[in-house]
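Number of protein chains: 2
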Amino acid sequence: MNIKNAIKNFNELEQLQNAYHYTMGITNFDGNTVAPKNSYKARGLALSVLSGEVYKKFINKEVKELLAFLKENEKELNFLMTKKVDRYIEDYEKTSKIPMNEYIEYTKLQNESNHAWEEAKKNNTYETFAPYIQKMFDTNKRFATYRDNTKKPYDILLDDFEKGMEMKDIDNFFNYLKKEVVPIIKYSVKEYKGIRDDFLTRKFPINKQKELSYILTDILKMDRNNFTIAESEHPFTTGLNNYDVRFTTHYYEDMIASSFYSTMHEAGHAIYGLNHGMELNGSILLGGASNGIHESQSRFYENLIGRSKEFINYIYPTMVKLFPDQLADVTADEFFKAVNKPKTSLIRIEADELTYSLHIMVRYEIERMMFEDDINVKELPAIWNSKYEQYLGITPPNDTKGILQDVHWSFGLIGYFPSYALGSAYASQFIAKMKETVNFNKEMAKGNFTNINKWLKENIQKYGAIYTPKELIQKACNEEFNPKYYCDYLKNKFTSL
Amino acid sequence: MNIKNAIKNFNELEQLQNAYHYTMGITNFDGNTVAPKNSYKARGLALSVLSGEVYKKFINKEVKELLAFLKENEKELNFLMTKKVDRYIEDYEKTSKIPMNEYIEYTKLQNESNHAWEEAKKNNTYETFAPYIQKMFDTNKRFATYRDNTKKPYDILLDDFEKGMEMKDIDNFFNYLKKEVVPIIKYSVKEYKGIRDDFLTRKFPINKQKELSYILTDILKMDRNNFTIAESEHPFTTGLNNYDVRFTTHYYEDMIASSFYSTMHEAGHAIYGLNHGMELNGSILLGGASNGIHESQSRFYENLIGRSKEFINYIYPTMVKLFPDQLADVTADEFFKAVNKPKTSLIRIEADELTYSLHIMVRYEIERMMFEDDINVKELPAIWNSKYEQYLGITPPNDTKGILQDVHWSFGLIGYFPSYALGSAYASQFIAKMKETVNFNKEMAKGNFTNINKWLKENIQKYGAIYTPKELIQKACNEEFNPKYYCDYLKNKFTSL
Chain C
965 MNIKNAIKNF NELEQLQNAY HYTMGITNFD GNTVAPKNSY KARGLALSVL SGEVYKKFIN
1025 KEVKELLAFL KENEKELNFL MTKKVDRYIE DYEKTSKIPM NEYIEYTKLQ NESNHAWEEA
1085 KKNNTYETFA PYIQKMFDTN KRFATYRDNT KKPYDILLDD FEKGMEMKDI DNFFNYLKKE
1145 VVPIIKYSVK EYKGIRDDFL TRKFPINKQK ELSYILTDIL KMDRNNFTIA ESEHPFTTGL
1205 NNYDVRFTTH YYEDMIASSF YSTMHEAGHA IYGLNHGMEL NGSILLGGAS NGIHESQSRF
1265 YENLIGRSKE FINYIYPTMV KLFPDQLADV TADEFFKAVN KPKTSLIRIE ADELTYSLHI
1325 MVRYEIERMM FEDDINVKEL PAIWNSKYEQ YLGITPPNDT KGILQDVHWS FGLIGYFPSY
1385 ALGSAYASQF IAKMKETVNF NKEMAKGNFT NINKWLKENI QKYGAIYTPK ELIQKACNEE
1445 FNPKYYCDYL KNKFTSL
Chain B
965 MNIKNAIKNF NELEQLQNAY HYTMGITNFD GNTVAPKNSY KARGLALSVL SGEVYKKFIN
1025 KEVKELLAFL KENEKELNFL MTKKVDRYIE DYEKTSKIPM NEYIEYTKLQ NESNHAWEEA
1085 KKNNTYETFA PYIQKMFDTN KRFATYRDNT KKPYDILLDD FEKGMEMKDI DNFFNYLKKE
1145 VVPIIKYSVK EYKGIRDDFL TRKFPINKQK ELSYILTDIL KMDRNNFTIA ESEHPFTTGL
1205 NNYDVRFTTH YYEDMIASSF YSTMHEAGHA IYGLNHGMEL NGSILLGGAS NGIHESQSRF
1265 YENLIGRSKE FINYIYPTMV KLFPDQLADV TADEFFKAVN KPKTSLIRIE ADELTYSLHI
1325 MVRYEIERMM FEDDINVKEL PAIWNSKYEQ YLGITPPNDT KGILQDVHWS FGLIGYFPSY
1385 ALGSAYASQF IAKMKETVNF NKEMAKGNFT NINKWLKENI QKYGAIYTPK ELIQKACNEE
1445 FNPKYYCDYL KNKFTSL
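Those protein sequences? They're chains C and B, same order as listed. According to the numbering used here, the stretch in the first sequence is residues 965 to 1461, in order. According to the numbering used here, the stretch in the second sequence is residues 965 to 1461, in order.
Because the hints were derived from the structure by calculation, they are not lab data. Be aware that a few hints might be false.
Identical copies carry no separate label here, and so any pair may be met within one copy or between two of them.
In silico EDC-like pairs for lysine to aspartate or glutamate, Cα to Cα no more than 20 Å straight-line [unchecked claim]:
no., residue 1, residue 2
1, Lys-1116, Asp-1338
2, Lys-1028, Glu-1038
3, Lys-1172, Glu-1217
4, Lys-1072, Glu-976
5, Lys-1448, Glu-1197
6, Lys-1047, Glu-976
7, Lys-1397, Glu-976
8, Lys-1028, Glu-1195
9, Lys-1001, Asp-1182
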């Protein structure tokens, strides 16, 4: 092997990886948007067969030798290539420790399990989904042990979603939040009880809500030739490359805030997807630095912009024009207060900015218990409900509104939830830094996103997965992650609504 | 190799074939529906890379030996397996004669060419698309020669889309139509000139048109769990298996007949896709006997049902309820006449039932000339226009409304057009047979599709691609293909509107 050939082979491997990633990504996107209900079995089978193909193509002696050769000759590679090679080696190490048949079985299990979850949620039958939770936790624990039996399995999973984060880091983060934020929650839920928000559940025509979604993305300067908005039960974003990003939302006639804020949230993910450096297209370094960093971008647009007084003042006249019958008797300030009103609520994705992280803590603590204390899945609904009572003072009336509400465990996404709370905290830290050079509040008040988008692109988004979250935060903020910014932001906002 | 292992290997091959077919099919469907405009390049690259993978997986010594072994031991296989093996061997023979690099280049060319066509059509610049037409004809001619240099290339292509049909058959068919149908066209275009159809271009709200689409598919007894309706520039159907069929339509506010009849047409394709025998799911025998047979089903629902007096009488009160402002002053009989009014028109997909086949003849004759007379692509617009003048007495004002109107050549679908006209003719022959046992007109008048659907399912649809078109027509009608039914139907209908 010489370096020229090795690079050529590597480029071919990358093109192949991208081809599978693209078509399987589209197939999943389709499955969650337009595909007919009964299509899931055949789709599951097709995807599991292809995941076996992908395993065979990427986990074998030739690829291993190629990667080793490139690593040895790192000096001859450009910076981007070294990063790509490192990432392939990392993925190789992870995947190759899992036997192929178990790997394929797992993709089949994900499909079945997701379907079982949908049915259980619909019918409020936790007992039909419980065996899948058990299997998902068992399988993930086993896979983690295959990968490194010297570490705690849950630490390995946390690191998968947020590199460099272990239980002790997440514990510290949540303990800090508990100390700093929980008192504000107690205060502000009571203090702001009287805020009027009845108008948010008036009937807002869905075609007008759809119009609003595109008005928002136009304001955020997103190019309609490069992205599209679809609809799905649970909003999500699929970013395939700088020319092909899709996000979804869900329109409820009597919940204007739902499509408004899910559009702002997913637009944040989508802007990240559209702003990767062009040189990353078709490479393994697309997709963002981590789940937490991705979530920092979505929270940024959803909360720091979308729930700010400045942006609401800017967009509100447009909304009154779109919804004259629904909003004529409501002022911008009333709307601002209504969408920020802190409430103890049951459903994570409908939670306000302040109480949101409590929902995450419940999930994190349960995952931690499943790994560390080996509890039985039968006990989970009771544990869930008691934690909601403890943190939020509210008990779910049924499992559909309790432990069955989230899709994540059905896909085996365990260790994922903490990244939601980290994302909010990262976003506050980024904005503090941004404000040193960008007149953030003034620009937002004018609906001018040129400089705001540019800062995020230049400091975060363009790097894709080149840097780890820790490296990226250090580069962008010139200091390490510090949850103080987040707590200060919440304290400041929710003591002066 | 023993028979048990061979069957096992074959089943694995089939599952793999289906996995690629499914995900690449979804990717194409997505590309034509929701994908953002600028996504085409990356999609084209991904699909061409995977088409190379598919080639390598299916065209090699092992597969060849496996298929030969199964063919030799045919006696030990069940009926369905023998049909599958035959089909794999046939496809193997076709594909293996084309060198892999040319095969991959061709899929890339298709993507580029399709994009060039879209731009040329939009901007009325035939000259930018002409080189692609040349390449597409050249490549298809070369591929046909690789496959069998003892036959005429165009005969090989015609046979691809309609097995058993060569130029002489198509010539005979069109000559018969010219003799029998052209005189009726001349008569009826003049005779029915006064039919009122102004109301078809009133403003019909798009959300109501969408509602109508689902009302129609409900009447046709299509299960919404198994199919979905999307939107695209050109309506089409993607049938993946009995649980996953999608069709598209296009809603124009001022063209109610467009979405109505494209829905009926694509519903016909979709019903075929939903009614394959369950044992064909995941196999190479899904997808219909031929393009012509598929088109017979779509034409059946679009024209023989959708444009019949009985069905219009049945559906019309519902339409008046949906569109009271637009249709209150129009009777069912006026609507029936308007959607059947024969007109000489420029655009194939908007043509009435009677003049439709003339549009096909123009295309067939041009394709035939490209192969047999070796004419230059620069001459094509002039030839196109003179043929429209000759057959329809009308000259396109520009190429967008002339030679650039159809997508087919951009994808290299050459030899495909005749199947549209054959489909209409097959449909008339099927209905004549069906009427021996089903009271077709009476059932339609009641909106009762149980027996009509059942006849089509039992005699045509359930067989998928098990039989050739010729075999299928013989089985269903107890005689060979006869265009007389079609001509009689047109004569009868268009002399008594």
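Now for the hints, and whether the structure bears them out:
1. Lys-1116 with Asp-1338: within (13 Å within a copy, 73 Å between copies)
2. Lys-1028 with Glu-1038: Within one copy only: 15 Å inside, 42 Å across.
3. Lys-1172 with Glu-1217: Classified as both; 10 Å inside a copy, 18 Å across copies.
4. Lys-1072 with Glu-976: between (28 Å within a copy, 16 Å between copies)
5. Lys-1448 with Glu-1197: For Lys-1448 and Glu-1197, the Cα distance exceeds 20 Å both inside one copy (35 Å) and across copies (52 Å).
6. Lys-1047 with Glu-976: Classified as within: same-chain Cα gap 17 Å, cross-chain 37 Å, threshold 20 Å.
7. Lys-1397 with Glu-976: neither (40 Å within a copy, 56 Å between copies)
8. Lys-1028 with Glu-1195: Classified as neither: same-chain Cα gap 41 Å, cross-chain 45 Å, threshold 20 Å.
9. Lys-1001 with Asp-1182: between (32 Å within a copy, 16 Å between copies)
When held up to the earlier numbered hints, the structure conflicts with 5, 7, 8 and fits the remainder.
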